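Read off the chains here:
Number of protein chains: 2
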Amino acid sequence: MEPFRVTILGSGSALPTKDNFHASQVLELRGRRYMIDCGEGTQIKMGQYKVNVSRLNNIFISHLHSDHCIGLAGLISTMAMLGRSEPLSIYAYKDLKNILLPTLDYFTDDDSFEVIFHDINPKKKEIVYEDKALTVSTIPLKHRVPTCGFLFEERQGERHLIKQMIEAFDIPIRELKAIKQGADFVDKDGFVVKNERLTTPADVPRRYAYISDTLYTESIIPQIEGVDCLFHEATFLEQDHRRAKETLHSTAIQAAQIAKKAKVKKLVIGHYSARYRQHKPFLDEARSVFENTVLAEDGLIFEL
Amino acid sequence: MEPFRVTILGSGSALPTKDNFHASQVLELRGRRYMIDCGEGTQIKMGQYKVNVSRLNNIFISHLHSDHCIGLAGLISTMAMLGRSEPLSIYAYKDLKNILLPTLDYFTDDDSFEVIFHDINPKKKEIVYEDKALTVSTIPLKHRVPTCGFLFEERQGERHLIKQMIEAFDIPIRELKAIKQGADFVDKDGFVVKNERLTTPADVPRRYAYISDTLYTESIIPQIEGVDCLFHEATFLEQDHRRAKETLHSTAIQAAQIAKKAKVKKLVIGHYSARYRQHKPFLDEARSVFENTVLAEDGLIFEL
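Just so you know, the sequences run in chain order W and L. Under this note's numbering, the first residue of the first sequence carries the number 4, and numbering increases by one thereafter. Under this note's numbering, the first residue of the second sequence carries the number 4, and numbering increases by one thereafter.
Heads up, some of the hints might be wrong.
Remember, identical chains collapse to one label, so a pair may be satisfied in a single copy or spanning two.
[Claimed, not checked] In silico SDA-like pairs for lysine to any residue, Cα to Cα no more than 25 Å straight-line:
1. K21 to R278
2. K145 to L104
3. K183 to P143
4. K283 to A205
5. K248 to D113
6. K97 to S276
7. K126 to D112
8. K145 to Y109
9. K21 to V56
10. K21 to R87
11. K263 to A205
Note that these hints are calculated values from the structure, not bench results. Note that the coordinates shown come from a computational prediction; the quantities given were computed from them, not determined experimentally.
Same shape as in the complex, but just chain W (with noise of 0.2 Å):
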């Protein structure tokens, strides 16, 4: 199975320190990569962590907050500056292009790549890119301004096939797209073998959700039912679930609740407000409803 990774670029919020940045996390799958949020230092976060600037096509913003765009036009920058010439779409409420085209016109020359605004509705449900690797979908959040977090969905591989038997059936290689895909094996004499003899099933497709910031709200949870990992934001400590509430955000035993009404498998949480020096409490309240919960740091790095 091919590694589905996840590198945290950023997990801070608001107030970036030198150990939390602003939010940006890259998804490695089938040598593509994909971007979610991309605030301030991110270039730096991706030259520090070595995630290569390269191959990564698709950026998903999940709101129009400084913490979670503002490294857009110095990531950009500096890809121009290192000579790409692939486009680069960008996946977020329409207003950003507004934001971001006077800076990205300013700092890169006009032979530069181009870069595509795709504008998301953050209030919908919906498919917004896909490709041969994965589907992202929308999850509408409920946040101060339009927000949505994004349902990342690997497409249904190919069977594996059984190399012994296709040798002992002497398949031709122009028959084993059909049978990865699903297809019997029927020889020159009308022989049938059928194709659960000739392949192994495909893999499982894995799915990992990003909750973005969002008061606690249970309306997600049939998206990110049974995903195989669920980044929830969790800003604040249960000590300040009013200042949550207050200003649109999750707690750490919110963030696991989600986690365990959706059945999720695995919980990382992240985006702590400055306030909080220690991130083990974090881990403490959220552990005490969903036990496989891990905190996320800057330069954590996992697979699906």
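Starting from the known structure of chain W, arrange chain L on it as the hints suggest.
Below, chain L without anything else, positioned relative to chain W:
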């Protein structure tokens, strides 16, 4: 003598690395802070090096390449979030406001503090700012876009009162201001006490010159002659002197040649290209020409 402190927030160049962020420095004198340039992550470095955002009311931008100004949006957003009310003045080439305003308008509330853009003409040598502590003048440079350095000149302070003499002559408090400014004291019987008996000379005003991105240019020498400290960019080593010329940058040796010809007291070099992993060769090359050289590194603090 009150400290005149310089903190290097970022000592890198176009491609920021984890150890050398984009350009930014903060000067502190008589309770005020002044920022020079503001690359990506400047607000993070301020937190890391405990440089408070309060009493930072003036930011000087040498030129509009992203590594010198792209951190302004994040810094200003954060100031707004922290409830700043004082206006912030930014001195930069005229295009800055067009680049920055769409972002600021979006990310800061309408009732936030005012950001005042002061257009500077990088081609002219002129005083662009003055307060009770110092004056700031532009130093025209030669780079790919309109660029200037800045000369920070401490104002002549007042003479120092000799406490015993003031007491001995029983001089009223209301007279002290004039005496500190050089006046003699005349008592009610017309007896004159010469100022030299009552005071010691004022401190010699200090000068700091910041030479941002530039091709080697001796035209700056008259302005920076004899300064207490010269920061001069040194993007390249001698082995890449052709690349320095092509990109309108300087080598470490060229920075040192300027320091020597301008008879400055101390040279600080920085703005290293990310191609070099070690900076010791910059120091060695510069010191071969000008002994009193130090390397800028993120977090370096020194006093004039």
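Each hint tested on the structure:
With identical chains, the CA atoms of K21 and R278 are at most 25 Å apart both within one copy (14 Å) and between copies (24 Å). Neither within a single protomer nor between protomers do K145 and L104 lie at most 25 Å apart by alpha-carbon distance, with minima of 27 Å and 28 Å respectively. Taking the shortest alpha-carbon separations for K183 and P143, neither the intra-copy value of 36 Å nor the inter-copy value of 67 Å comes in at or below 25 Å. Neither within a single protomer nor between protomers do K283 and A205 lie at most 25 Å apart by alpha-carbon distance, with minima of 39 Å and 55 Å respectively.
For a Cα distance limit of 25 Å, the shortest separation of K248 from D113 across copies, 24 Å, qualifies, whereas the shortest one inside one copy, 45 Å, does not. Proximity of K97 and S276 under a CA criterion of 25 Å is satisfied in neither setting, with 27 Å inside one chain copy and 36 Å between copies. In the homo-oligomer, the alpha carbons of K126 and D112 lie at most 25 Å apart only across protomers (23 Å), although the nearest pairing inside one protomer, at 35 Å, exceeds that limit. For the homomeric pair K145 and Y109, the shortest alpha-carbon distance between copies (19 Å) is at most 25 Å, but the shortest distance inside one copy (34 Å) is not.
For a Cα distance limit of 25 Å, the shortest separation of K21 from V56 qualifies both inside one copy, at 22 Å, and across copies, at 16 Å. For a Cα distance limit of 25 Å, the shortest separation of K21 from R87 across copies, 22 Å, qualifies, whereas the shortest one inside one copy, 29 Å, does not. Taking CA atoms no more than 25 Å apart as the test, K263 paired with A205 passes in neither setting, with 28 Å inside one copy and 71 Å between copies.
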